Amino acid sequence: GEDVEQSLFLSVREGDSSVINCTYTDSSSTYLYWYKQEPGAGLQLLTYIFSNMDMKQDQRLTVLLNKKDKHLSLRIADTQTGDSAIYFCAESFYGGATNKLIFGTGTLLAVQP
Amino acid sequence: EPEVTQTPSHQVTQMGQEVILRCVPISNHLYFYWYRQILGQKVEFLVSFYNNEISEKSEIFDDQFSVERPDGSNFTLKIRSTKLEDSAMYFCASAQGLAGVTDTQYFGPGTRLTVL
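Residue numbers (our numbering), protein chains in the order written: chain A, 1 to 113; chain B, 1 to 116.
FYI, nobody ran anything at the bench for these hints, they're computed from the structure.
Some hints could be false.
Said to hold, decoys possible - Sample of chain B residues facing chain A (criterion: CB under 10 Å; computed from the structure):
no.	residue
1	7
2	32
3	37
4	42
5	45
6	49
7	56
8	65
9	87
10	89
11	105
12	108
Unchecked claim - Distance condition first, Cα-Cα at most 30 Å in a straight line; then the derived DSSO-like pairs of lysine-lysine:
no.	chain 1	residue 1	chain 2	residue 2
13	A	36	A	56
14	B	42	A	70
15	B	42	B	57
16	B	57	A	70
17	B	42	B	83
18	B	42	A	36
19	B	42	A	67
20	A	36	B	57
21	A	36	A	68
22	A	56	B	42
23	B	57	B	83
24	A	56	A	67
25	A	67	B	57
26	B	78	A	36
27	A	36	A	70
28	A	36	A	67
29	B	78	B	42
30	B	42	A	68
31	B	78	B	57
In this text, all values refer to a predicted model and were calculated from it rather than measured experimentally.
Backbone N, C-alpha and C define an ideal beta-carbon position, used for all residues, glycine too.
Chain A extracted, bound-state conformation (with noise of 0.2 Å):
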């Protein structure tokens, strides 16, 4: 069945660098997605990957999608205190007529001053 998974917790010091990563079960989906949720508020797209690419770099983020091993990460460079929040990765399932996400349980990063 469907299914995603990430790990629970990850904690860094501001300025070093996050990689938060996912795995996924369905290879058909066309993209994968990155949300950032911060406490108490919605979930925010921080940037998405299609599935034929590799990686895609967005100013700070990274994405990197290895299709063999169902696996996604999120790189974000030079960690501030202000990334600190849920990090969703989830993927796009075509439901017939409209897509759905499925989303994995979610990465709290925790960034120490």
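Once you have looked at the hints, place chain B on chain A.
Structure of chain B alone, referenced to chain A:
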């Protein structure tokens, strides 16, 4: 920048009462979604809506739930008789299209529903 809005931000209701959660999707979007997140759990898909009808619904979306686009701007989720386990954050999302990057779903800030 256009965004999805939701009202109210927090709704408290008694078990058995009806609630309507409201969403205003981004204006040129055609595909609409509801998701929910029970505290400490994953964000779960509830229902998708296109061309004035439900496209897909999850097992969670039983007869107590309904969605409607009553006019050209609002998209509502109604829960007829709320249960304690309906307490969650409910997110509305919209997408412009279905193919390529237009498939990207943009989320509202959520409505926290508390059922007492």
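Hint-by-hint comparison with the structure:
Evaluation of the residue 7(B) hint against chain A yields a violated restraint, the C-beta minimum of about 13 Å exceeding 10 Å. Satisfaction of the interface hint for residue 32(B) is found here, the shortest Cβ-Cβ separation to chain A being roughly 9 Å, below the 10 Å cut-off. The beta carbon of residue 37(B) comes within 9 Å of a beta carbon in chain A, closer than 10 Å, and the hint placing it at the interface holds. Here the hint on residue 42(B) is kept, as its CB sits about 5 Å from the closest CB of chain A, short of 10 Å.
For residue 45(B), the interface hint holds, the least distance from its beta-carbon to any beta-carbon of chain A being 4 Å, beneath 10 Å. Given the 10 Å rule on beta carbons, the hint for residue 49(B) holds: about 8 Å separates it from the nearest Cβ of chain A. This hint holds: residue 56(B) has a C-beta 4 Å from the nearest C-beta of chain A, less than the 10 Å allowed. The beta carbon of residue 65(B) is not positioned within 10 Å of any beta carbon in chain A (closest approach about 15 Å), and the interface hint is therefore violated.
Below 10 Å, beta-carbon pairs count as interface contacts, and residue 87(B) has none with chain A, the closest being about 16 Å; its hint is therefore violated. The restraint placing residue 89(B) at the interface with chain A holds, with a minimum CB-CB distance near 8 Å, inside the 10 Å limit. The criterion of a C-beta within 10 Å of any C-beta in chain A is met by residue 105(B), whose closest approach is roughly 6 Å, and the hint holds. For the restraint placing residue 108(B) at the interface with chain A, the shortest Cβ-Cβ distance is roughly 6 Å, inside the 10 Å limit, so the hint holds.
Using a Cα cut-off of 30 Å, the hinted pair residue 36(A) and residue 56(A) holds, with the two alpha carbons roughly 17 Å apart. With a C-alpha separation of about 20 Å, the suggested pair residue 42(B) and residue 70(A) falls inside the 30 Å cut-off, and the hint holds. Proposed proximity of residue 42(B) and residue 57(B) is supported: the alpha carbons are some 17 Å apart, at most 30 Å. Between residue 57(B) and residue 70(A) the alpha-carbon distance is near 26 Å, which keeps this suggested pair within the 30 Å criterion.
Straight-line distance between C-alpha atoms of residue 42(B) and residue 83(B) comes to about 19 Å, which keeps the hinted pair within the 30 Å bound. Simply put, residue 42(B) and residue 36(A) have alpha-carbon atoms about 13 Å apart, close enough for the 30 Å limit, and the pair holds. Between residue 42(B) and residue 67(A) the alpha-carbon distance is near 23 Å, which keeps this suggested pair within the 30 Å criterion. For a cut-off of 30 Å, the pair hint linking residue 36(A) to residue 57(B) stands: about 25 Å separates their Cα positions.
Between the alpha carbons of residue 36(A) and residue 68(A) the distance comes to roughly 26 Å, so the proposed pair stays at or under 30 Å and holds. Using a Cα cut-off of 30 Å, the hinted pair residue 56(A) and residue 42(B) holds, with the two alpha carbons roughly 25 Å apart. At roughly 19 Å between alpha-carbon atoms, residue 57(B) and residue 83(B) fall within 30 Å of each other, so this suggested pair holds. Restraint check: the Cα-Cα separation between residue 56(A) and residue 67(A) comes to about 14 Å, which is no more than 30 Å; the hinted pair holds.
Note on residue 67(A) and residue 57(B): the hinted pairing holds, with a Cα-Cα distance of about 28 Å set against a maximum of 30 Å. Pair hint residue 78(B) plus residue 36(A) holds up; C-alpha atoms about 27 Å apart against a cutoff of 30 Å. The straight-line distance between the Cα atoms of residue 36(A) and residue 70(A) is roughly 21 Å, inside the 30 Å bound, and the hint therefore holds. Between the alpha carbons of residue 36(A) and residue 67(A) the distance comes to roughly 23 Å, so the proposed pair stays at or under 30 Å and holds.
Our distance criterion of 30 Å between C-alpha atoms is met by residue 78(B) and residue 42(B), whose separation comes to about 21 Å. Restraint check for residue 42(B) and residue 68(A): satisfied, since their Cα atoms lie roughly 25 Å apart, inside the 30 Å limit. A hinted pair counts as satisfied when its Cα atoms are at most 30 Å apart, and residue 78(B) with residue 57(B) qualifies at roughly 14 Å.
Hint check: violations occur at hints 1, 8, 9; the rest are consistent with the structure.
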